[in-house]
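Now for the letters of each chain:
Protein chains: 2
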Amino acid sequence: MVDQTEPVTIKRLAGSSSEDADDVVIREFPLTIILNNEELVTLLCSPAQMKELAVGYLFSEGLIGGKEDIKNMVLDEQRGVARIEAESDAEGERVFKRLITSGCGRGASFVSESDARAMAPVESTATIDSDAVFRLAKEFQNRSQVFRETGGVHSAALCDDGNIILFSEDIGRHNAIDKIFGSCLLEGIPTDDRIIITSGRISSEILLKVARRNIPMLISRSAPTNVAVRMGDRLGITIIGFVRGERMNIYSNDWRVRADGKRH
Amino acid sequence: MVDQTEPVTIKRLAGSSSEDADDVVIREFPLTIILNNEELVTLLCSPAQMKELAVGYLFSEGLIGGKEDIKNMVLDEQRGVARIEAESDAEGERVFKRLITSGCGRGASFVSESDARAMAPVESTATIDSDAVFRLAKEFQNRSQVFRETGGVHSAALCDDGNIILFSEDIGRHNAIDKIFGSCLLEGIPTDDRIIITSGRISSEILLKVARRNIPMLISRSAPTNVAVRMGDRLGITIIGFVRGERMNIYSNDWRVRADGKRH
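Chains A and B supply the protein sequences, listed in that same order.
In case it helps, my numbering puts the first sequence at residues -15 to 248.
In case it helps, my numbering puts the second sequence at residues -15 to 248.
Derived from the structure by calculation, the hints contain no laboratory data.
Check the hints yourself; a few may be wrong.
Said to hold, decoys possible - Mimicking DSSO-like on lysine-lysine, the simulated pairs with C-alpha atoms at most 30 Å apart in a straight line are: (1) A:K122 / A:K35; (2) A:K122 / B:K(-5); (3) A:K(-5) / B:K122; (4) A:K35 / A:K55; (5) A:K51 / A:K35; (6) B:K55 / B:K(-5).
Source: prediction; values computed, not measured.
Build the full structure now, drawing on both the sequences and the hints.
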């Protein structure tokens, strides 16, 4: 595996004193995805789980429907090229090519809220204890090794109501979630009734990514946008933001969170 | 001006007690840029300074060289459409169309480090006192009103060694900087020898955006990536990260920062 960090020599200032010091910074790596012999996109990413990233990206952008669509995949880790042959969705490709991208995303899967209205709501009756949310968020914080070293990455996790099942880190918040979904597809890990935790802001793009996997709960230490909240409402997704210590805000479908824990 | 936030009703949990509460979330707004009658991109942004965003975006992507290239611009704030007629750079357009985008950017201006090697280093002998860095970073933190309300935005500022000259906020860290550069172009504000402060991570894309404006110093509360540090080294840009309280790390061209302040 390619290193995810790189040593650097810095000058460290504290007040008026300064010293040369050894430090590490996060690596930024260009991964070019070639789909059916056509250059599709170059993602700047953290150089780990690059197969998972490529597959998750294709799924999130609507270019493949699942693992069964992938006929062949070759990853050249040194050159940063993932070559994929797939039964690609022609309509998905058309939409992908029409749209370039958005704020902090890349290759957005939609332009307007009306495009999202065609989506079916998430089917799940899953609920969770507020205590479990606090516990998962705490474990999530503790897991991020690269973040502690460099302060420069986002994390994402797939959980059930007691445990973190998959955990990924990347310089991009979209990439981190795509790596999770790539793992799910490649390893056949189900996502129904499960939970995504992200270190980043919950925008409409993140919300839709999660909705496509039929995931009913989305948790963040950070904030959601107004469009994400409206989509969460409509698509049956529970958005939990600002989970810090023993506090949280629930922005949509709060019926999934049971506050009457046994703890107090 | 369109509102930048939206009121929502949330359920707030603290420990095992819960209550309904009024809150505000950040708005996410799609701005479509139409360049010379062709749909170029839809940016998800905060709905303020949208003219500045459109112009700054075209500049950062290499599609225009300056204000003089803009023949006409009409902004429809309600529909979220900026229609621009410009003397567009044909080579810039070609490169733009070839590349889609990257990690947390949109429509990247380059793919590899070698593409950046063609850039001329920043020409500036500007230096700064470490005290001034601490003061600017503190003022920058204090300015972000929308962030304090919603926790969901990035900020960017253009400064000289004593004052913040321009300040912008947006849901995207790229957009916030593009708004600053759009203002500079539209209002004829010079950027030579000046400083950019950003709330976000310093990736290669952010570094190159700043280099294109011949800006010699880049400050962040957050971390740089390895590629940004290498480019900063080569392009004569001083990268200052993790500015917190009275501490900072200098990753490149540290000669611009004078630690022997008069204060202590």
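Here's how the hints hold up against the structure:
As the CA atoms of K122 (chain A) and K35 (chain A) are separated by approximately 28 Å, the hinted pair is consistent with the 30 Å bound. Restraint check for K122 (chain A) and K(-5) (chain B): the C-alpha separation of about 20 Å stays at or below 30 Å, so the hint holds. Straight-line distance between C-alpha atoms of K(-5) (chain A) and K122 (chain B) comes to about 20 Å, which keeps the hinted pair within the 30 Å bound. A distance of roughly 14 Å separates the Cα atoms of K35 (chain A) and K55 (chain A); the hinted pair therefore holds under the 30 Å criterion.
A hinted pair counts as satisfied when its Cα atoms are at most 30 Å apart, and K51 (chain A) with K35 (chain A) qualifies at roughly 12 Å. At most 30 Å may separate the alpha-carbon atoms for a hinted pair to count; K55 (chain B) and K(-5) (chain B) exceed this at roughly 50 Å.
Consistency note: the structure conflicts with earlier hint 6 alone.
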